[in-house]
Amino acid sequence: MRIGQLARITGVKSETIRFYEREGILAAPPRTKANYRDYGPAEEARLHFIRRARDLGFSMARIRELLDLSDDAVRSCAGIDALARSHLGEVERKIASLKALRTELGRMIAACEQDTVGDCRIIDVLADITEP
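All residue numbers for the sequence shown refer to numbering that gives the first Met the number 0, where the first residue is 0 and numbers rise by one.
Warning: the hint list may mix true and false statements.
Said to hold, decoys possible - Capping the alpha-carbon separation at 20 Å, the derived lysine to aspartate or glutamate pairs in EDC-like fashion look like this:
{"no.": "1", "residue 1": "K12", "residue 2": "E22"}
{"no.": "2", "residue 1": "K93", "residue 2": "E103"}
{"no.": "3", "residue 1": "K12", "residue 2": "D54"}
{"no.": "4", "residue 1": "K93", "residue 2": "D118"}
{"no.": "5", "residue 1": "K32", "residue 2": "D54"}
{"no.": "6", "residue 1": "K12", "residue 2": "D37"}
What the hints assert, rightly or not - Per label pair, the in silico range of CB-to-CB distance:
{"no.": "7", "residue 1": "Q4", "residue 2": "D118", "range": "53 to 63 Å"}
{"no.": "8", "residue 1": "R51", "residue 2": "E112", "range": "40 to 50 Å"}
{"no.": "9", "residue 1": "N34", "residue 2": "A60", "range": "29 to 39 Å"}
{"no.": "10", "residue 1": "I94", "residue 2": "E20", "range": "31 to 41 Å"}
These are calculated hints, taken from the structure and not from any lab test.
Remember, it's a predicted structure, so these values are computed and weren't measured experimentally.
Ideal placement from N, C-alpha and C gives every residue a C-beta, glycine not left out.
Build out the structure end to end from the sequences listed, making use of the hints.
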């Protein structure tokens, strides 16, 4: 199949597919006689893998590692497990940070009396004029 069809099937833009090829994450497919890229089921499956990993928040470096580890079907999955656990730790830290952010924003909004901008507690906190 051509790149446009692969892009539609996988939900990955053509430019991104070309980027993955340049980066070595996706092997360059054979070319047709008309010099079009000719993708097959293996490239489609790999792109679905990459897309799902991106949706889960894995970095491209981590995806590269996951792909390298997954290319050896008889290898222990301990390395993959370690990468997933590490990523989970990062996600949990981000969630904790976002919860703290939500609490602070809630405090700022609750302290706002919706009077004038000159008396706005939100502006004060953002400008660090007074203690939060």
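Taking the hints in turn, this is what the structure says about them:
1. K12 to E22: 15 Å, holds
2. K93 to E103: Holds: K93 and E103 sit about 15 Å apart, inside 20 Å.
3. K12 to D54: This hinted pair holds, its Cα atoms lying about 14 Å apart.
4. K93 to D118: Distance of about 32 Å is beyond 20 Å: violated.
5. K32 to D54: 35 Å, violated
6. K12 to D37: Holds, at about 16 Å.
7. Q4 to D118: 53 to 63 Å: 60 Å, holds
8. R51 to E112: 40 to 50 Å: 47 Å, holds
9. N34 to A60: 29 to 39 Å: 32 Å, holds
10. I94 to E20: 31 to 41 Å: 34 Å, holds
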